[in-house]
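> As given, the protein sequences belong to chains A and B, one line each in that order. For the first sequence, my numbering gives the first residue as 1, with consecutive numbering after it. For the second sequence, my numbering gives the first residue as 544, with consecutive numbering after it.
Heads up, some of the hints might be wrong.
Partial selection, computed: residues in chain B whose CB lies under 8 Å from chain A [unchecked claim]:
{"no.": "1", "residue": "I548"}
{"no.": "2", "residue": "S550"}
{"no.": "3", "residue": "L562"}
{"no.": "4", "residue": "L564"}
{"no.": "5", "residue": "T568"}
{"no.": "6", "residue": "L573"}
{"no.": "7", "residue": "L577"}
{"no.": "8", "residue": "V582"}
{"no.": "9", "residue": "M606"}
{"no.": "10", "residue": "T609"}
{"no.": "11", "residue": "A620"}
{"no.": "12", "residue": "I623"}
{"no.": "13", "residue": "A629"}
{"no.": "14", "residue": "V630"}
Okay, the calculated beta carbon distance ranges per label pair [as the list claims (entries may be wrong)]:
{"no.": "15", "chain 1": "A", "residue 1": "R403", "chain 2": "B", "residue 2": "L547", "range": "28 to 36 Å"}
{"no.": "16", "chain 1": "A", "residue 1": "L216", "chain 2": "B", "residue 2": "R565", "range": "18 to 26 Å"}
{"no.": "17", "chain 1": "B", "residue 1": "V622", "chain 2": "A", "residue 2": "N64", "range": "21 to 29 Å"}
{"no.": "18", "chain 1": "A", "residue 1": "A270", "chain 2": "B", "residue 2": "L640", "range": "39 to 47 Å"}
{"no.": "19", "chain 1": "B", "residue 1": "G595", "chain 2": "A", "residue 2": "V504", "range": "40 to 48 Å"}
{"no.": "20", "chain 1": "B", "residue 1": "V622", "chain 2": "A", "residue 2": "D268", "range": "19 to 27 Å"}
{"no.": "21", "chain 1": "A", "residue 1": "D400", "chain 2": "B", "residue 2": "A549", "range": "44 to 52 Å"}
{"no.": "22", "chain 1": "A", "residue 1": "M212", "chain 2": "B", "residue 2": "A549", "range": "16 to 24 Å"}
Quick caveat, the hints were computed from the structure, so don't treat them as lab data. C-beta: ideal position from N, C-alpha, C; glycine also.
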Amino acid sequence: MNHLLIAPIVLPALVGPFIILVLRYHIDLQRIFAIASCVFQVILGIVMVSQANSGLVQIYELGNWQAPFGIVLVLDRLSAMMVLLTASLGLAVVLYATGSRWDERGENFHALFQFQLMGIIGAFLTGDAFNLFVFFEVLLIASYGLMIHAGGTQRFLAGTQYVVFNLLGSALFLLALGTIYSVTGTLNMADIAQRVAEIPIQDSALIRVGAMMLFLVFSIKAALLPLHFWLPASYANAPLPVAALFAIMTKVGAYAILRMYTLAFGPDVAATAGLLDMWFLPAALLTLLIGAIGVLGSREIGRLMAFAALSSVGTLLTAIALMTPVGTAAALYYMIHSTLTAALAFLIADQIFERRGGEIAVKPVMSQNGLLSALFFIAAIAIAGMPPLSGFLGKIMVLDAARAHPLAPWIWGVILGGSLITMMGFARAGTLIFWSGYGLDQKKIPISQNHDNGETDEDNHTSSRLTLVVCFALIGPLIAHTALAGYILRYTEATAQSLFNPQVYIETVLANRDRPVTSSHDDDDAHAQHDETQSHVSTEEEH
Amino acid sequence: MELLIASAVGILSAAGIYLVLRKRTFPVILGMSLLSYAVNIFLFSTGRLMTGAPPILNKYQDMAYTDPLPQALVLTAIVISFGMTAVIVMVALAAYLSSRDDRIDMIHDQTTGGDSQ
Numbered sequence: 001m002n003h004l005l006i007a008p009i010v011l012p013a014l015v016g017p018f019i020i021l022v023l024r025y026h027i028d029l030q031r032i033f034a035i036a037s038c039v040f041q042v043i044l045g046i047v048m049v050s051q052a053n054s055g056l057v058q059i060y061e062l063g064n065w066q067a068p069f070g071i072v073l074v075l076d077r078l079s080a081m082m083v084l085l086t087a088s089l090g091l092a093v094v095l096y097a098t099g100s101r102w103d104e105r106g107e108n109f110h111a112l113f114q115f116q117l118m119g120i121i122g123a124f125l126t127g128d129a130f131n132l133f134v135f136f137e138v139l140l141i142a143s144y145g146l147m148i149h150a151g152g153t154q155r156f157l158a159g160t161q162y163v164v165f166n167l168l169g170s171a172l173f174l175l176a177l178g179t180i181y182s183v184t185g186t187l188n189m190a191d192i193a194q195r196v197a198e199i200p201i202q203d204s205a206l207i208r209v210g211a212m213m214l215f216l217v218f219s220i221k222a223a224l225l226p227l228h229f230w231l232p233a234s235y236a237n238a239p240l241p242v243a244a245l246f247a248i249m250t251k252v253g254a255y256a257i258l259r260m261y262t263l264a265f266g267p268d269v270a271a272t273a274g275l276l277d278m279w280f281l282p283a284a285l286l287t288l289l290i291g292a293i294g295v296l297g298s299r300e301i302g303r304l305m306a307f308a309a310l311s312s313v314g315t316l317l318t319a320i321a322l323m324t325p326v327g328t329a330a331a332l333y334y335m336i337h338s339t340l341t342a343a344l345a346f347l348i349a350d351q352i353f354e355r356r357g358g359e360i361a362v363k364p365v366m367s368q369n370g371l372l373s374a375l376f377f378i379a380a381i382a383i384a385g386m387p388p389l390s391g392f393l394g395k396i397m398v399l400d401a402a403r404a405h406p407l408a409p410w411i412w413g414v415i416l417g418g419s420l421i422t423m424m425g426f427a428r429a430g431t432l433i434f435w436s437g438y439g440l441d442q443k444k445i446p447i448s449q450n451h452d453n454g455e456t457d458e459d460n461h462t463s464s465r466l467t468l469v470v471c472f473a474l475i476g477p478l479i480a481h482t483a484l485a486g487y488i489l490r491y492t493e494a495t496a497q498s499l500f501n502p503q504v505y506i507e508t509v510l511a512n513r514d515r516p517v518t519s520s521h522d523d524d525d526a527h528a529q530h531d532e533t534q535s536h537v538s539t540e541e542e543h
Numbered sequence: 544m545e546l547l548i549a550s551a552v553g554i555l556s557a558a559g560i561y562l563v564l565r566k567r568t569f570p571v572i573l574g575m576s577l578l579s580y581a582v583n584i585f586l587f588s589t590g591r592l593m594t595g596a597p598p599i600l601n602k603y604q605d606m607a608y609t610d611p612l613p614q615a616l617v618l619t620a621i622v623i624s625f626g627m628t629a630v631i632v633m634v635a636l637a638a639y640l641s642s643r644d645d646r647i648d649m650i651h652d653q654t655t656g657g658d659s660q
C-alpha cells in the first residue's frame, strides 16, 4: 500500500493538535508550523497529481481491512486534482491570514485551519460514503469555529444560522445513508455502485429516495438554488480570509455530486436513471442567474463577492448537470478557475474592507487606491469571464459542451446574460469604490469603521505587505491556468473519461474483496463480519 | 415493533421539523436534538429489526444474527450530533449575549452587514 494517500490527512491532523497543545501562546511558532504544514500539503498534492496522471487508481485500506468491509481511501485523477487545489488555496489563505494578522484577532485560528484542511482533503480522498459523512462533519466543525473567528454580533448571528443549516444537512445526510444502506447493505462507494446496478427497475423506489436525499445534501453544500440561502450571509459575515478558504467548500459539494452521480447513480444505471434530468440543469442555471443579480444588487463588498462566488458555482453546476464527459471536463477546468478567483476576490475584499469599510458607496479615497483598483479589476474580469484570463476559456468550454444539449439556447442565454450582469455589477461597485472617492482623510477611516472591536485599529497599520503579495501571487496560478490550458484540459478530459467509465475505479477498490482470510468458508464469513464491526469502531475512535 | 419504531421516527421528525421552523434559537436547538434522535432510531432500524440476536455472525449458520454495522453507525452519529448540539448552544449563546436577542432570522442584518468586522 502506498502511504502517500493518507499523508495529507495525517499531516494536518497532527499539526492541528500540536498547535493547540504545545504552541498555544506562541503565535509566531504557530504561523511557522501552519505555513510549513500547508507547504508540505502542496508538495504532497503535486506528487499525487503526478502519480494519478498516468490513470493509475490507488487505494489505501485503513487498518488493512479489505475494501467492502473496511474504509478505503482512493486516489484517482479527480481526487488528486482536488487535493492539490485545496492545498494551494490553503497555503495562500494561511499566508494572507498571517500577513493581515487576522490570526491574532481570535483564538486557535491556525489549529482550526489545519482541521478544516484535513476535513476537506479527507472528503476528497475517501471511498466510503459514511466516511465521507465523517469528513464532512470534520470540515464543518472546523468551519463553525473559523466562521465566528474574532467574534462580533453580526458574525455570531450569521454563525448561528450557518450551524443550524448545516446541522439539518447532516441529519439529512444520515437519513440518506441509512436508506441507501438498507437497500444495498454496503457503504463503500464502489460496492454501492455494483449493487445499485443490479437493482431491477421495479424495486428501485427506495434507492431513488436515498439517492435523491443524498443529492439534496450535496446541493446544500454546493449551494444549488433553493438551498443556497445560507451562502451569502455566511460568506459576507465570516472573516473575509476565511470566506476565501470557504471558496473550496462549495466545490466539496460539487465534487460529491460528480463522484456519486457518475460512480453509483450514473446516467446509465437503470434504477436511478432520469432522477436529476428534469430539474438539476434549470436549478443550476437559476443559481447562476441569482448570483449574478445578487452581484448587481449588493450594497456591501463581502456580499458582492459572496454572490459572485454563488454565480460561479452556478456555472460549474450547469456544466456538471450536462452529465457528459465533455461537460465534466469543462466543469473541472472551470472549477480550478472558480476556486482561485473566488479566493482572490475575497482577499481583495478584505483589503478594501480594512481600508474603507465594506459599504459600496461614495467615501473618502483610501490608501493604495490605485493598486487595489488594479487588483479589483483583474478579479472582476476573471470572475465575469472576460479574456484574457481563464474564466473566459472556462466559459467557452462550458458553452461548447452545451451545444448539443436540447436546452442549449437557454444555457447559452443564461451563461452569457449572467456574465453581462456580473460585469455590470462589478463595474458599478468598482466605480463607486475607486473612482468616486473624495478627499484624502485617511486617518478617519479605521476609527469610523471598527467600532465593533477597537483593537483592530492598530492592526490596520501593522498589516504587512505580505497580504498584497499573496493577492498578486494568486494571479500567477490564474495566468498559468490560462497559458497551460491545453495540458490542464487534457488532464480534465482524461478525468472525465475515467469518471464516466468507473469500471477501473470499482475493480481497483474491490480487488481484494475475495482475499482469503482462512481456509474454511464458515470462518471466512465470520471474519468478514468481524472486520466490518472493527473497522467502524476504529473510525469512531479516530474522529 | 415495526409500528412502534416507525411511529417514533415519524413523530420525532415531525416535532423536530416544527421546532426547527420556529423563530427563536432555543426551540430550534431543541428541534435539532429531536431530529437527531429520529435520525439515530432510523439508522438503527436500517439493518432490519431483530430482538435478542447477537450482533456477530458465528459458526452456527442457522442461528439468527443482527446486523452490527448500523449499530456502529448510530454510535458515530450520536457522538457527532451530541458534539454539534454543544457547539450550536455555545454559538447561539454568544449571539444572544452580544445582541440581547435570540431571534434566529437576523432582523438587523438586512443592509448593514458591513459593521460586523
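> It remains to establish, for every hint, whether it holds in the given structure.
A quick look at each hint next to the structure:
no.	hint	verdict
1	I548	violated, 13 Å
2	S550	violated, 17 Å
3	L562	violated, 11 Å
4	L564	violated, 11 Å
5	T568	holds, 6 Å
6	L573	violated, 12 Å
7	L577	violated, 10 Å
8	V582	holds, 5 Å
9	M606	violated, 12 Å
10	T609	violated, 11 Å
11	A620	holds, 6 Å
12	I623	holds, 5 Å
13	A629	violated, 11 Å
14	V630	holds, 6 Å
15	R403(A) to L547(B): 28 to 36 Å	violated, 56 Å
16	L216(A) to R565(B): 18 to 26 Å	holds, 22 Å
17	V622(B) to N64(A): 21 to 29 Å	holds, 25 Å
18	A270(A) to L640(B): 39 to 47 Å	violated, 55 Å
19	G595(B) to V504(A): 40 to 48 Å	holds, 45 Å
20	V622(B) to D268(A): 19 to 27 Å	violated, 38 Å
21	D400(A) to A549(B): 44 to 52 Å	holds, 50 Å
22	M212(A) to A549(B): 16 to 24 Å	holds, 20 Å
When each numbered hint is compared with the structure, violations occur for hints 1, 2, 3, 4, 6, 7, 9, 10, 13, 15, 18, 20.
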